[in-house]
Structures are given as C-alpha cells and as structure tokens.
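**Q** From first to last, the protein sequence lines are chains A and B.
3 is the number of the first residue of the first sequence in the working numbering; add one for each residue after it.
218 is the number of the first residue of the second sequence in the working numbering; add one for each residue after it.
Simulated from the structure, these hints should not be mistaken for laboratory data.
Any given hint could turn out to be false.
As the list claims (entries may be wrong) - Using 30 Å as the maximum straight-line C-alpha spacing, the simulated DSSO-like pairs for lysine-lysine come out as follows:
(1) A:K169 / A:K195
(2) B:K351 / B:K368
(3) A:K195 / A:K4
(4) A:K72 / A:K4
(5) B:K325 / B:K375
(6) A:K169 / A:K4
(7) A:K72 / A:K169
(8) B:K461 / B:K423
(9) A:K9 / A:K169
(10) A:K113 / B:K461
(11) A:K113 / A:K57
(12) B:K375 / B:K351
(13) A:K4 / A:K57
(14) B:K368 / B:K325
(15) A:K57 / A:K9
(16) B:K424 / A:K113
(17) B:K277 / A:K9
(18) B:K325 / A:K113
(19) B:K423 / A:K113
(20) A:K113 / B:K375
(21) A:K113 / B:K368
What the hints assert, rightly or not - What follows is a set of in silico ranges between Cβ atoms, one per label pair, in the way DEER data are often shown:
(22) B:G247 / A:G136: 29 to 35 Å
(23) B:P453 / A:D34: 41 to 47 Å
(24) B:M218 / A:T54: 31 to 37 Å
(25) B:D248 / A:T54: 37 to 43 Å
(26) A:G136 / B:H289: 24 to 30 Å
(27) A:K9 / B:D248: 28 to 34 Å
Every residue gets a Cβ at the ideal spot worked out from N, C-alpha and C, and that includes glycine.
Listed below, chain by chain, are the residues.
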Amino acid sequence: MKIAVIKYNAGNIRSVDHALGRLGVTAEITDDPGVIEAADKVIFPGVGEAGTTMKYLQERGLDQLIAGLKQPVLGICLGQQLMCRWSEEGDTPCIGIFDEPVVRFPDGQLKVPHMGWNSLERTTGDLFADSLNGSYVYFVHSYYVPVCRETAAVSNYMVPFSAALQKDNFYATQFHPEKSGDPGESILSRFLKL
Amino acid sequence: MLAKRIIPCLDIRDGQTVKGINFENVVDVGDPVELGARYAREGADELVYLDITATHEGRKLFADLVRRIARHLNIPFTVGGGIDRLADADLLLSAGADKVSVNSSAVKDPDLINRIAGGFGTQFLVVAIDAQWKNNRWTVFVNGGRIPTEKELFSWAKEAQERGAGEILFTSMNHDGTRNGFACEALRELSTQLSIPVIASGGAGKKSHFASVFQEGRADAALAASIFHYNEIPIPDLKQYLRKQHIIVR
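Extracted from the complex, chain A is given alone in its bound form (with noise of 0.2 Å):
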C-alpha cells in the first residue's frame, strides 16, 4: 500500500510520518503530483495559517490537485480546514472539498487556541468505532468548521463544532489523531484500512 503524506510549508508533517511509522507503514512525504496521484492514501496534515498555505498550494496547484482525488483522503488539522470553503483567518477562500466556512472561536470567555485534550461526542462514519464516543483527542486550534451534514464527530469548545467531517473519499479531522495516544491510533488505523 502506497500512503503519500502531502509535503508543504505547514508543520508537523514528521510527526504523522511517525505516526504512521508506529502502526508499521511506510509514507512518501512528497509534494510530487503523480506520486500523490498514484497512492492508494493520501494524508493532508498541516499546522499554521491558513492564507499563506492556501497560497502555497495554489502556486502549485497542490489545491485542484487534492480537491479531484479520487482515493481515501485524510486532511488533519489546518488540513480540515483549507479542504472547506472559506478561512476567516486572513479571509481566506479554500479548496471547497466540504462546503462550509472555518470561523473563529470567539475571545473573552475562555482561552483560544483551544489546546489540550477533548472528548469526542455524536461520533459516525467510516474513521470512528462506537467505543471512541467519549475518547479524549488533541487538538490545537483557533478557528473551527461549525457542525454541519458532513460532521462526524463533535467535539465542545464554548460552541459545539466539528471534530471531523467525511464526505465520498474525503476525512477530515481537527484534532491530531497522529499525537492522541490510543484513539488517534485507531483512527488512523481505519484509515489505512478503507
């Protein structure tokens, strides 16, 4: 099995490789279009701010590129977010994969980024088995895609959003299951497996 891991000027990236590495899989780290194009998965990971990575990836078409894959995709992190419609950070429009806006968590009631470990509620899909309702994840972010249709997990933060999306061939998680001990692993572990 083939599993390309998306190689741009987001942090991070190692750790997935690792990640993956735990679960005895080898990943391309690679920003090459026929290598991305011919691997049975692909991950999407990211950390950092969504314009200047939006930009990143148009310079070099990496955005239509993803957005017309046809096998499982995984976008993690920043990654959920520049796979939906539109960034408020730097008013930022995005790949479109999911058709909804990433919006930030609002200031004065509690600390942003929402950083630690949260549980995940309402859990459905192809990437959560029954028994991760209730499992605790890790997240680092400040901004959040509201819950939606394509919603498969929740999670709470002063408002409830969503802690992963699916739709066709595209996953999405907000969260980073490749730093969230046993949970993340199973994740990704469905993943591997679609």
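Knowing the structure of chain A, use the given hints to seat chain B on it.
**A** For chain B alone, kept in the frame of chain A given last:
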C-alpha cells in the same frame, strides 16, 4: 469539555533523565524514552523534556534523543533548554518536537519569542518563567533560577503573550522542591490576566495539590517531576482522584 492536563517533566543531561532538587544536586532516574513511554501509557497528557546539558556534545545527544522520542511517543511533547536562536528551535521541531520552550534566552532577547512564533506559529512556543516571591514582588530569574532580573512575573508574562507565546509555564521558585503545593494565588492571577493557557510548575507533593492548582489556581495544566519519577503518585491514581473532585481529566 476540555480536560486539565497532567504533564510529567523530565530533566535531561547528556541524554539521560535527571531530576534536580531545588535546581541542584541531580540524580539519574532512567532512560528518557522509556520513562516517557511509561508516562504516556499511564495517562500523561503531555511531556516536557528539558535539556540541562551545558556542553556542545550534550546538545547533540539531546537532538538525537528528541528524534527517538518523536518516533516512540503518541502524545505531544515539548522540549526546552538552551534554545537561544531560531535555528535551535528549527532543529528541535524538525527532530519531531511538538513545541519548544524558551526561558532565559527570551528574557535576554525578547524578540526571540516573535521570531519563533513568526517562523513556526504560536502553538509551537511555550515561554517558561522562573520567578521568586520576595519583597512583595514576583522577580523573574534566569539561568536555572540563579540570576535575578529586573523583570516582574505578570508584566513579563503579558509581554511574552503579546510577542507570540502560545502558553506560559510558570515555576514558582519558592514552591519548587518543597512538595507543599503550587503557588495557587499567583497562578490564579496569571490565568486571569492572560488569554493563553498557563502551565503550573513547582510544589507538587500530593494529589490534593493538583485539585487546588486547577480549582483555586485556575491552571490549564500542571507539571511535576519527582513525584512521578519515583512513582509516589501514579498518574492513573491522580486522575481518578481528580475525577472524584469533579475536575475534568482525560
């Protein structure tokens, strides 16, 4: 609901775990990767690895260690110690660390916070502050708590936040090593004044201290070393205790 975090801290010298008592007299307590993996299995929410090596050779060992840790751990970890330049942070983040922490170097060169946050994002940066309550003032110290500075805890923490710190790790030197509890009053003030998460450090001795630091101190996370290293408070017991106190933990 967001859980309160329990963070074991491992001091590393020449690639091995040590723990200082009051910042001195270090004792070896084991292999850092094994110890970290044990904590992760037991339910630690994050780990902090602090390099207390002074030599160039030791530094290289630390970067190698960070690579090993990154391959083994499935929870986030922060590394700190001797990060004076953007390039140091880059090396450790590339080696697989999830966050870096800066302390003395940021006091001496506050713009370092802007540079690291600007280069990698605020979520990658923890600003650690060692401070001592003396003469009605929390004085910030550098060089492992050896040298007092002109800076004061609250104003420095706020400046660090404005410059791009993602979290503040506050160690009360009055409480560190005493095992008499955390500096809850100062932590509460810090947590009220800041909009970023506060990690409490210094003074953990029993389980009730953790309940106090979350409830009274309003800390987002609590860090401790020796009580975990010597297994005096097993993490599963601590979490069970906190749940009974209606504190949300993972």
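**Q** Taking the hints in turn, state whether each one holds.
**A** Now the hints, each set against the structure:
1. A:K169 / A:K195: 17 Å, holds
2. B:K351 / B:K368: 13 Å, holds
3. A:K195 / A:K4: 12 Å, holds
4. A:K72 / A:K4: 14 Å, holds
5. B:K325 / B:K375: 16 Å, holds
6. A:K169 / A:K4: Holds. A:K169 to A:K4 sits at ~22 Å (cutoff 30 Å).
7. A:K72 / A:K169: 12 Å, holds
8. B:K461 / B:K423: Status holds; Cα separation ~15 Å.
9. A:K9 / A:K169: 23 Å, holds
10. A:K113 / B:K461: 25 Å, holds
11. A:K113 / A:K57: 29 Å, holds
12. B:K375 / B:K351: It holds: about 20 Å lies between the C-alpha atoms, which stays within 30 Å.
13. A:K4 / A:K57: 27 Å, holds
14. B:K368 / B:K325: Answer holds: B:K368 to B:K325 is near 10 Å, not above 30 Å.
15. A:K57 / A:K9: 14 Å, holds
16. B:K424 / A:K113: Satisfied, since the Cα-Cα distance of roughly 25 Å is no more than 30 Å.
17. B:K277 / A:K9: Judged against 30 Å, a Cα distance of about 27 Å means the pair holds.
18. B:K325 / A:K113: Between B:K325 and A:K113 the Cα gap is close to 27 Å, so the pair holds against 30 Å.
19. B:K423 / A:K113: At roughly 27 Å apart (the allowed maximum being 30 Å), A:K113 and B:K423 satisfy the hint.
20. A:K113 / B:K375: 14 Å, holds
21. A:K113 / B:K368: Holds - the C-alpha atoms of B:K368 and A:K113 are around 25 Å apart, at most 30 Å.
22. B:G247 / A:G136: 29 to 35 Å: 33 Å Cβ-Cβ, so the 29 to 35 Å window holds.
23. B:P453 / A:D34: 41 to 47 Å: 46 Å, holds
24. B:M218 / A:T54: 31 to 37 Å: 32 Å, holds
25. B:D248 / A:T54: 37 to 43 Å: 40 Å, holds
26. A:G136 / B:H289: 24 to 30 Å: Since A:G136 and B:H289 have Cβ atoms about 27 Å apart, the given range 24 to 30 Å holds.
27. A:K9 / B:D248: 28 to 34 Å: Cβ of A:K9 to Cβ of B:D248: about 32 Å, so the range 28 to 34 Å holds.
Consistency with the previously given hints is maintained throughout, with no hint failing.
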